[in-house]
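*Asks:* Read off the chains here:
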Amino acid sequence: MIDLDDTDRALLRALSLDATLSAGALGRRFGLSQPATWRRVRRLEEAGILAGRRLVVDRAALGFGVTVFLGVKLATKGRVSLEDFERAVTAIPEVQVVQHVLGLFDYRLRVVARDIADFERVLRRRIMTLPGIGQVEANVLLTEERRPGPLG
Amino acid sequence: MLDDTDRRLLRHLLADPGLGTAELAERAGITAATGWRRLEKLTAAGVIKAQEAVIDWRRLGYEVEVALRFTLDKTEPRAFDEFLAAARLVPEVTGIETFLGRVDVRLTVIARDMQHYADVYRSRILMLPHITDIEALMLIATIKDAEALPL
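Note that the protein sequences, when read in sequence, are chains E and V. UniProt numbering puts the last residue of the first sequence at 152; the count rises by one with no breaks. UniProt numbering puts the last residue of the second sequence at 151; the count rises by one with no breaks.
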């Protein structure tokens, strides 16, 4: 693990809000030369701390008005059923996120749909037919925000 | 309104958000200049809200990630606002989501290890206002994490 100074943390914070900022723009903001900024960003990328980009879109404007988080419990457990379930669930285009978790549920899924009727279709035809599926709990997403995390 | 070219551009960019404008335009079958103009337009219209850098917290020594699901006291009219305002002040909270369903709010909390998590949980999370119930889901593995939409 590499050591970060305050400038590195400030760069991470700025890039986590806007990854399109150029080394020149970042340098001006934090009082660094453009090459020095570029070197720091490069070092963070090479260390795997900066791990790519995420595009944040207005899903409703693109016709996907409903996002639902599903907590899923498997009816049968064991290595084979986990693999079968994971293979089938990751292939569903409406399922954006699949997390294996420990607790009340076995998996957490983020599902997008055009509207509630479309969500019902995805739930009935795609989710409830997954291999090994047991109990499912749905929570409809109202708002979401990302926080900068412990970079201060 | 979006046309087919916009959708095609977004489909490629959602699938591979690290693409440069030139390569993105090539994949979408348009010129780089058109691609750049379209992206500017989609950003100005708010369809593209942001392009954020993804931080790998594990590489920074945060090995533990927990999704905490809260039920709040709905007899208190300011419960949501006050809870959310207080949650924003906890540095280890990396995401806040609100829901319609059995769960009211979910916080994503990261910590260096279980001892650190226990400290954050006791000293910061349990101090948040208007909580009636908490459930924890500890992340074992992320199998899929994509922003792609079936456009």
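The set of hints was computed from the structure by calculation and includes no laboratory data. Values in this document were obtained by computation on a predicted structure and should not be read as measured data. For glycine and all other residues, C-beta sits at the position ideal for the given N, C-alpha and C. Careful: at least some of the hints might be erroneous.
[Said to hold, decoys possible] Here are a few chain V residues that face chain E, going by a calculated C-beta distance under 10 Å:
1. Glu23
2. Glu26
3. Arg27
4. Arg37
5. Lys41
6. Val66
7. Arg122
8. Ile131
9. Ala141
10. Ile143
[Said to hold, decoys possible] Straight-line Cα separation of at most 30 Å, DSBU-like style, residue types lysine-lysine; simulated pairs:
11. Lys73(E) / Lys74(V)
12. Lys74(V) / Lys144(V)
13. Lys144(V) / Lys77(E)
14. Lys49(V) / Lys73(E)
*Asks:* Please flag the earlier hints that this structure goes against, numbers listed from lowest up.
*Replies:* 1, 2, 3, 4, 5, 7, 8, 12, 14
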